[in-house]
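Colleague: Chain order of the listed sequences is A and B.
The first sequence: position 93 = 93 (my numbering), numbered continuously.
The second sequence: position 133 = 385 (my numbering), numbered continuously.
Fair warning: there could be bad hints in the mix.
[Unchecked claim] Examples of chain A residues lying across from chain B (beta carbon under 8 Å, computed):
(1) L35
(2) A73
(3) Y136
(4) D150
(5) R158
(6) F174
(7) W252
[As the list claims (entries may be wrong)] Computed list of chain A residues with no C-beta within reach of chain B, every gap over 10 Å:
(8) G32
(9) I49
(10) D77
(11) G151
(12) V175
(13) E186
(14) E194
[As the list claims (entries may be wrong)] With a straight-line cut-off of 20 Å between C-alpha atoms, the simulated SDA-like cross-links for lysine to any residue are:
(15) B:K263 x B:D292
(16) B:K573 x A:D150
(17) B:K331 x A:Q71
(18) B:K331 x A:E27
(19) B:K331 x A:P248
(20) B:K291 x B:S416
(21) B:K574 x A:P248
(22) B:K517 x B:D498
(23) B:K573 x A:E27
(24) B:K287 x B:Q430
(25) B:K573 x A:T206
(26) B:K331 x B:Q430
Think of the hints as simulated: they come from the structure by calculation, not from any bench.
For each residue, glycine too, the CB sits at the ideal point set by N, CA and C.
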Amino acid sequence: MAAPAALFEYLVRLGDNCLILGHRLSEWCGHGPVLEEDLALTNVALDLIGQATLWLELAGEIEGRGRTADQLAYLRDAGEFRNLLLVEQPNGHYGETLARQFYFDTWHCGLLQGLSHSQHPRVADIAAKSLKEATYHLERSEEWVVTLGDGTDESHARMQQAINDLWMYTGELFVMDEIEQDLVAEGIAVDLAELREPWLKQVGKTLDEATLTLPQAGWMQQGGKQGVHTENLGFILADMQFLQRAYPNATW
Amino acid sequence: MYAQMVDTGVKRVKSREEMSPEERDFQDRVDADIKIEAKDWMPESYRRTLIRQISQHAHSEIVGMLPEGNWITRAPSLKRKAILLAKVQDEGGHGLYLYSAAETLGLSREQLIEQLHSGKAKYSSIFNYPSLTWADIGAIGWLVDGAAIMNQVTLQRCSYGPYSRAMIRICKEESFHQRQGYDIMMTLARGAAEQKAMAQDALNRWWWPSLMMFGPSDDQSPHSAQSMQWKIKLYGNDELRQRFVDQTVPQAEYLDLTLPDPDLKWNEERGHYDFGAIDWQEFFHVINGDGPCNRSRLRARVAAHEEGRWVREAAVAYAQKKTAHKRTAA
Ligand SMILES: [Fe+2]
Ligand SMILES: [Fe+2]
Numbered sequence: 001m002a003a004p005a006a007l008f009e010y011l012v013r014l015g016d017n018c019l020i021l022g023h024r025l026s027e028w029c030g031h032g033p034v035l036e037e038d039l040a041l042t043n044v045a046l047d048l049i050g051q052a053t054l055w056l057e058l059a060g061e062i063e064g065r066g067r068t069a070d071q072l073a074y075l076r077d078a079g080e081f082r083n084l085l086l087v088e089q090p091n092g093h094y095g096e097t098l099a100r101q102f103y104f105d106t107w108h109c110g111l112l113q114g115l116s117h118s119q120h121p122r123v124a125d126i127a128a129k130s131l132k133e134a135t136y137h138l139e140r141s142e143e144w145v146v147t148l149g150d151g152t153d154e155s156h157a158r159m160q161q162a163i164n165d166l167w168m169y170t171g172e173l174f175v176m177d178e179i180e181q182d183l184v185a186e187g188i189a190v191d192l193a194e195l196r197e198p199w200l201k202q203v204g205k206t207l208d209e210a211t212l213t214l215p216q217a218g219w220m221q222q223g224g225k226q227g228v229h230t231e232n233l234g235f236i237l238a239d240m241q242f243l244q245r246a247y248p249n250a251t252w
Numbered sequence: 253m254y255a256q257m258v259d260t261g262v263k264r265v266k267s268r269e270e271m272s273p274e275e276r277d278f279q280d281r282v283d284a285d286i287k288i289e290a291k292d293w294m295p296e297s298y299r300r301t302l303i304r305q306i307s308q309h310a311h312s313e314i315v316g317m318l319p320e321g322n323w324i325t326r327a328p329s330l331k332r333k334a335i336l337l338a339k340v341q342d343e344g345g346h347g348l349y350l351y352s353a354a355e356t357l358g359l360s361r362e363q364l365i366e367q368l369h370s371g372k373a374k375y376s377s378i379f380n381y382p383s384l385t386w387a388d389i390g391a392i393g394w395l396v397d398g399a400a401i402m403n404q405v406t407l408q409r410c411s412y413g414p415y416s417r418a419m420i421r422i423c424k425e426e427s428f429h430q431r432q433g434y435d436i437m438m439t440l441a442r443g444a445a446e447q448k449a450m451a452q453d454a455l456n457r458w459w460w461p462s463l464m465m466f467g468p469s470d471d472q473s474p475h476s477a478q479s480m481q482w483k484i485k486l487y488g489n490d491e492l493r494q495r496f497v498d499q500t501v502p503q504a505e506y507l508d509l510t511l512p513d514p515d516l517k518w519n520e521e522r523g524h525y526d527f528g529a530i531d532w533q534e535f536f537h538v539i540n541g542d543g544p545c546n547r548s549r550l551r552a553r554v555a556a557h558e559e560g561r562w563v564r565e566a567a568v569a570y571a572q573k574k575t576a577h578k579r580t581a582a
């Protein structure tokens, strides 16, 4: 069986991606471009925060030091966060939010599909439940990428810019490290490198339909999994953790 | 409540003799509690008043997302964050139901929003107060949603069908809103000393503005009589305010928090709580644009709308391309 430390680390990665992206999306609540979108995007945020809670709860259990999902979310500093750089990128304009979501959802669905067959039954359970939600998220973000890509000249230009700007954060989605290799060998985790080709194909297909161009392969940023983040994460945590930090040990 | 001062455009309620046959017929239906539907004949002033009232109500739901939305990213636990997100999302949904109800009267949502953004349409004064601490989220749910429910429950029986049905849907969700607010207050009031102080401070700041939500006293509300005859207002402002005070005092006692009113006391004879004078000066300043947050609230709404314009335009353009495509294919 996997070493608890490795599995803990892996679960925190899964949880942090959902937590930080859910946080970002929740920033839109009340400020969306149209009321229906405001509500729909909030649904996605809610799903992701729910998934984050499940992953982090399990991580705390596996770790065995009595840490709860809240303690993991609210009492770690940026260097201990394990999310991908992609999900902490600022919301920007609506096209940027959707491009980020589109890259993530496409990857997330592939990942969850794999994880729903994990040898670890708890992991498989959470993944299967999350996959249903992620599938809907992906449908939504694909639809929007096509709508904005093939909408007006302005929306086309904005969408292409967003797709280009975020491209350098997509390489990290498929980088494996030793922890993941060990967990793959045990049938618990998913081989991310294997997700790359199908991801490229699916992203390319949607961009094509959206009359957008798939960016050229280029230099990719990475570091999230090692806790080396962009400047954004510190601000996210300052916001998110403010009360827990200002009033230590209080119950809310 | 979310529509505090609705101008009916009518100076004096008409007597039966002064009414045209159509008006008399209309009033008979209202009196018999038969719902008026969009396609039915209605006096022009009834239609205009309803547009004002329903859109004020809708705008309040939408602007009301801002003070609470303020704390979504800072909510102190994953559970609180999810609850608050769902709550604020509900308010957006309420706005949606209400805009749809208003649209049945002949104005588009775009037109209604334009009226909000130009300052022509009002929204509840309460949302022009700032949410400064986490306890404000508790106080808003407890008091602001509590006051809104007081009014909305009665409006489920109002004469206009689409409005009444929107209210029924909304009321189903509202009690959860008040409960989550009270639950936050309870947790704070039973928590550390600083948390209890935070709860008391929020109560101090939100109490009077919550009482103002019911609108000016009935003798200061020239349009009430007409609205009541039309059954788009079912109880007087003072009566609802009194009910709210009577309901809230024991809840505050249970929290062991003090309502910021030295004149508040039980009146055995009336069977109600007496309470101190409301500062109507403040109310009129806030409703006329000079509250602490009027400008920032409206700016945030306008910014969201303007920054979203290209997205909405793209969605329309894309849908048109699709239908054109289908037509050529057919
Ligand atoms: Fe509401
Ligand atoms: Fe509410």
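Colleague: If a hint holds in the structure, say so; if it does not, say that too.
Modeller: Status of the hints after comparison with the structure:
no. : hint            : result
1   : L35             : 5 Å, holds
2   : A73             : 6 Å, holds
3   : Y136            : 16 Å, violated
4   : D150            : 6 Å, holds
5   : R158            : 7 Å, holds
6   : F174            : 29 Å, violated
7   : W252            : 4 Å, holds
8   : G32             : 7 Å, violated
9   : I49             : 5 Å, violated
10  : D77             : 17 Å, holds
11  : G151            : 3 Å, violated
12  : V175            : 28 Å, holds
13  : E186            : 29 Å, holds
14  : E194            : 32 Å, holds
15  : B:K263 x B:D292 : 24 Å, violated
16  : B:K573 x A:D150 : 9 Å, holds
17  : B:K331 x A:Q71  : 12 Å, holds
18  : B:K331 x A:E27  : 17 Å, holds
19  : B:K331 x A:P248 : 18 Å, holds
20  : B:K291 x B:S416 : 16 Å, holds
21  : B:K574 x A:P248 : 55 Å, violated
22  : B:K517 x B:D498 : 10 Å, holds
23  : B:K573 x A:E27  : 32 Å, violated
24  : B:K287 x B:Q430 : 29 Å, violated
25  : B:K573 x A:T206 : 17 Å, holds
26  : B:K331 x B:Q430 : 17 Å, holds
Taken one by one, the earlier hints fail for this structure at numbers 3, 6, 8, 9, 11, 15, 21, 23 and 24, listed in ascending order.
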